[in-house]
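Visitor: As you go down the protein sequences, you meet chains W and C in turn.
Here the first sequence is numbered in the numbering used here, starting from 1278 and rising by one per residue.
Here the second sequence is numbered in the numbering used here, starting from 1278 and rising by one per residue.
Read the hints as simulated data drawn from the structure, not as lab findings.
Fair warning: there could be bad hints in the mix.
Pairs count within a copy or across copies, as identical chains cannot be separated in the list.
Unchecked claim - Here are the simulated EDC-like cross-link-like pairs (lysine to aspartate or glutamate), alpha carbons at most 20 Å apart as the crow flies: (1) LYS1344 to ASP1376; (2) LYS1463 to GLU1444; (3) LYS1344 to GLU1325; (4) LYS1402 to GLU1366.
All of these numbers come straight from a predicted model, not from anything done at the bench.
Protein chains: 2
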Amino acid sequence: MGMESEKMTVNYPDGRRFLSASDHLQSNTKPHHRDSVVFGGRGMSLEETINASNDYYRLHQRAVIYKKPTPIQIVKVDYPQRSQAVIREAYFRQASTTDYNGVYRGYYLDFEAKETTNKASFPLKNFHQHQVNHFRNCLAQDGICFTIMRFTTLERYFLTPASLLIEYWGKQATGRKSIPLTTIQKTGYEIPAGFQPALNYLDAVDQLITTAKR
Amino acid sequence: MGMESEKMTVNYPDGRRFLSASDHLQSNTKPHHRDSVVFGGRGMSLEETINASNDYYRLHQRAVIYKKPTPIQIVKVDYPQRSQAVIREAYFRQASTTDYNGVYRGYYLDFEAKETTNKASFPLKNFHQHQVNHFRNCLAQDGICFTIMRFTTLERYFLTPASLLIEYWGKQATGRKSIPLTTIQKTGYEIPAGFQPALNYLDAVDQLITTAKR
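Extracted from the complex, chain W is given alone in its bound form:
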C-alpha cells in the first residue's frame, strides 16, 4: 500500500497531539466522574484539563466556552445502507483562529492554550502567525484575549494577555525565540492548581478584565 496506517495516537501537522475519537466526543459532553478526582489537571492533557473546566463552567452557569472543532476538508463520504454516513477521504485544514472562545459576563473571551517542558521560558514556536493575527483582530473589537501557558515540568499554569504574545512575536526578527518566565510572572496571572474545575482560569480572567480598564 505504501501507507502507514495508525489509530488514535497521531499528531496534527503542527505537532499538536491528535486526541482519540473518545477524547473528541468527551470534549462536548457533560463532565465525567473522572473530572472530580483530578487535581490541577494532573494526568490529563492540557486540552482535556481545559475542556473539563469549560464543562464545569457551563454546568454551573459561570461561562459558555467551547473548543472549536478541528477544521476538516471533506472530499468523500460513504452512505452505508441503514447506518450513519462515513467520511472516507478528508484532510486537516489550517485553522484561521485560536482554539477557544465564548462568553463570560457579557465579555467575549478568546484564547489559545499551549504547554512547554522548558523551565525558564516559553518558546514562541508553540504559536502561529494566524493566531497572532486573530488576536490582533479580536483585540480591535474589544475582545478579552489571552493565552494559557502550562509549564509541565514546573506544574505551573499562567494566563497571559494576548498583547504579551503579540509583543514578543514581533521580537522574533531580532532573534528572540521565547518569552522569559520572569516576564510571564510579571505580566500574567498564575492559575493555582484546582480541584473543581481542574483549572479555574476565570479568576485570572477577572483580573485581566479589571486591568484592561474597559
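Since chain W is already given, all that's left is putting chain C on it; use the hints.
Guide: Only chain C this time, still in chain W's reference frame:
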C-alpha cells in the same frame, strides 16, 4: 460493496446541505472577486452569503465572526509517505452549539442562520434542541444571541432575537409548529438586500443591542 459513494453533493444527517471541499476552504479565506458581483446574496447559499459577509466585516475591521467547523469524530488517519495526512474513517458529530459566533464592539455575538421556502411562517423544525439550550446559556452570560431567517421565495431576510425562538420553541407542546411572518416582522429586524457585504446584518445587530438596553 453494499455502499453508495458520493462526492460533493450530500446532506448532513440534519438535512443541511453538505458543502464541497472548495466551499469549505472558501469560508475561511479572503473574499473572492465573486463576492463583489452578487447582490443580496442572490445565487449564493445562505451559508455562502453569511461567510462572504463575515469575510467582508473582518477585512474592513467591522467584526470578527466565523462559522465554526463541523464537528467530526476521527477514527483512522493514514500517512502517505511524503504527503499530507489523509483521514480515512470519520463520522459527523452532533454539534453542541450554534454555527456562528464572534466579537463586535466588545459584544459577544452568537447566531444560527436558517432558510425556508414558506411564505407565511418560519418552521421550527429548522432548529434543534441543542441550539435553543445554547442560546439560553449564552443569554444568561449577556451574549447577543439571534437567528438570521431567510424566506427564499420572498427574497427577504430577518434578524430575530433568540428570545423569540425560545418562546416559540416552548409553544411546540401546544401544537405550534412555526413562527408567523407577521410576528417575525414585528419582533425582528429586516435586513435589506445588500451589495458589499452581501448581507449587512450588523446594522440589525446594532438595533438589537440598543433594544436590549444593556
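Visitor: All hints, please: hold or fail.
Guide: Consistency of the hints with the structure:
1. In this assembly of identical chains, the alpha carbons of LYS1344 and ASP1376 lie at most 20 Å apart whether taken from the same copy (5 Å) or from different copies (13 Å).
2. In this homomeric assembly, LYS1463 and GLU1444 come within 20 Å of each other (Cα to Cα) only inside a single copy, at 15 Å, whereas the closest approach across copies is 48 Å.
3. For a Cα distance limit of 20 Å, the shortest separation of LYS1344 from GLU1325 inside one copy, 10 Å, qualifies, whereas the shortest one across copies, 23 Å, does not.
4. When the C-alpha separation of LYS1402 and GLU1366 is checked against a cutoff of 20 Å, the pair qualifies neither within a copy, at 30 Å, nor between copies, at 31 Å.
Hint compliance for this structure: hint 4 alone is broken.
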